Each structure stands twice: as C-alpha cells, then as structure tokens.
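Engineer: Since the structure of chain A is already known, use the hints to place chain B on it.
The chain contents come next:
2 protein chains.
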Amino acid sequence: METVKRPGGRSARVRDAVRQATLAELAEHGFRGLTVENVAERSGVHKTTVYRRWGSVEGLISDALELAREEPWPVPDTGSIDGDLRDIVRLVRTGFDDPETGPVASAFVAAAMQSPDAARALHAFFLARHEQSAEVVRRAVARGELPAAVDAHEVIRVAIAPVYYRLFVAHEPVTERDADRAAAAALAAARAGVL
Amino acid sequence: METVKRPGGRSARVRDAVRQATLAELAEHGFRGLTVENVAERSGVHKTTVYRRWGSVEGLISDALELAREEPWPVPDTGSIDGDLRDIVRLVRTGFDDPETGPVASAFVAAAMQSPDAARALHAFFLARHEQSAEVVRRAVARGELPAAVDAHEVIRVAIAPVYYRLFVAHEPVTERDADRAAAAALAAARAGVL
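In order, the protein sequences belong to chains A and B.
Going by the working numbering, the first sequence opens with residue 1116, and the numbers climb by one from there.
Going by the working numbering, the second sequence opens with residue 1116, and the numbers climb by one from there.
Pulled out of the complex, with its shape left as it was, chain A reads as follows (with noise of 0.2 Å):
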C-alpha cells in the first residue's frame, strides 16, 4: 500500500478497510458472530487500532451504518407516483433477497435490537433514506396526483413498512405481489387523504 501525503489518506483507508471487513464477516456470521478480533484480522488493520479508533463491535456497527447512509439510493422516477412507490418497495424486497446484501442488511436490523448505539445509527440511516425516497411523493404533489398536505415520510413509511413486518416481526414470506400490494395500499391511503 503506497504511502500518500494528503489528510486522512492513510486514516480513510484504514476506515474503509475495517468496514469492509465488518460487512463481510456480518454476511457471513450475523451480528452474533462479529467480533472485534476477526474484523480486526480480515481488514488487516491491528486489532488495539481497531479497539481504540471504534470501541467494541457495536462501534463498528454504528460506522458501517453511517457510511451506508451517505451511499446513494437509486430513488426511481418513472414519471408517475404508482411506479415510483412500487419500485421503492419492490428494491427493499430484493435488497433482502439478495445473497449479498440481505445477511448485511438482517445483521443492522438485529444489531439495533440489542446495541443502543446501534439503533441510533440505524435511526439516522432511516432517516435519510425517509427523506430521499420522499422526493417521490414531493413530485407526486408537484404533479396533481397526490392533494399538497400528505406527509411524504408517512407515505414511504406504511409503503414499505409491510415487507419489514413480514420479515422480522411474523417472519413470513415476502412475494413481489406483496411488495406491491403494499405500495398500493399506501398510495390508496395518500389518495384518500389520510397519510
């Protein structure tokens, strides 16, 4: 690795290193099998740096998070409010079906239900992608299709909220068809005036 003079050059890179690694090992061990110590060997980095820039597993939890929040999140536009919303939830189905990024994605999910530090990572992490996917409904309104006073966070919230209930809460199935009864359901509730 080639030494660059230029601020948190070194430091970015040991960062990026360290969040790979804690990707990686949540894909393949859960929350439950995180450990500073493996994180430490997979990302190369030592493991009294790994303890003392992040603390303990949920600190490294909380810094993956943070730099999944500031990763871009393809907000579709299809032009009308029915395809944008299907296509929001249908990309968080397939996002927990995907091999990859499901386990990653389930392991934040648990981590936050143990790990306060970690619930408020994942807390700010919502927020955002809340506030991005809002840009739907924004355009919805700008349109005429959705009345000027909904709540667009609402709107993303009872959209998507049915695929996560399935999931971590009745631990049921999630078809496309429920990914899309779902987003009609918040749209029909948008329409209506009550979101």
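Just so you know, the hints here were simulated from the structure itself, not pulled from any lab data.
Keep in mind that a hint or two might mislead.
What the hints assert, rightly or not - With the C-beta cut set under 10 Å, the calculated list includes, among others, these residues of chain B facing chain A:
#1 A1127
#2 H1238
#3 H1245
Quantities reported herein were computed from a predicted structural model and do not represent experimental measurements.
The beta-carbon is built from N, C-alpha and C at its ideal position, and this holds for glycine as well.
Structural biologist: Using the frame of chain A, we list chain B on its own:
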C-alpha cells in the same frame, strides 16, 4: 406444594413455573440476558429438568410463545370497522409501551431474529393473532362496510405494520396519532379495493 394425582398435574405446574420465570427473566434482562440457569433458579425447578425438557433458551422462548398464543386476545367490537381497527392498532402500541408486557414482547421479537426455533414460534403466534383479529374485517364485510373480496389478514398486517416498523426497524417513537393514522391507512386501502 401439594401433590395432586391427576394426569399432567405436576407436569403442568412445572411448565407454568418455568414459563413464568422465563417471562420474568425476559422482562428484566431481555433475550441476551436469558440463561437456563437463571430460569431454573427463579422457577425453583432443577436445572437438569429444565435442560431435559426445554433444551436451551430457544426452547424456553418457543414454549413461552406457544402458551402466549393460546391466551385470549381482546378482539375489539365497537360496531364499526373504523373503531375496531383503531383499537387493534392502539392495543399493539400500548402493549409495547407497558413496562410489564413491553420488554417481554420486544425480547420475543429480538429472539426470533437470532434463533430459527423462536422465529417459527413467533410466526405461529402472529398467524394466530392475524386470524383472531381478522374477525373485525369479516364482521365489516357482513355489515357491508368493506368489499367481500378483501383479504382480512392483509388488512390487519397493513394496519399494524407501521407500529412495528417504527419500533423495531427505524427506531422512532410511536404516538397514538401514529397508531390511528396506520389504522386509517389500512382502512382506506381496504375500502379502495387494493387489499
């Protein structure tokens, strides 16, 4: 404790004692703090008996959930689908807000994220709850308030999902207004014929 000579008498008392101890331990220490040793000590049942009959903390959780499933759930009957759905979602919200039942219910959700046995038990629990609660939708159909083709279970899921989403995924507070809005959204969707 007197010894009553009827089939299952002593066995049922042991099961109840272990179950009560499991619930109390979950309320105090959550899923992470649950151990067979603590449940045995608290219940006054010998540790080897607990290990033999329940096997592990996962077995204890699954058994407690099985018993919870059989408990009567107060299905509201206000005379209108608006009131019934609103009361169901409020019950879910206040259940998690209650200092006695809230931590236990949260521990069940957390346990199911980490143990396939607990996930199966929680799935069966919610299946039973959906079926009991669906009664309010069937009555609404009989009264002509909702279309006959409505999926009663899906109306319940969509109504309660936003409460669980806020609590366990986005880690946001849930106000009574949030609960009422979720119920109203499910009802609007059911009326619009998309559920």
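Engineer: Going through the numbered hints above, which ones does this structure break? Give me the numbers in ascending order.
Structural biologist: As far as the earlier hints go, only 1 is violated by this structure.
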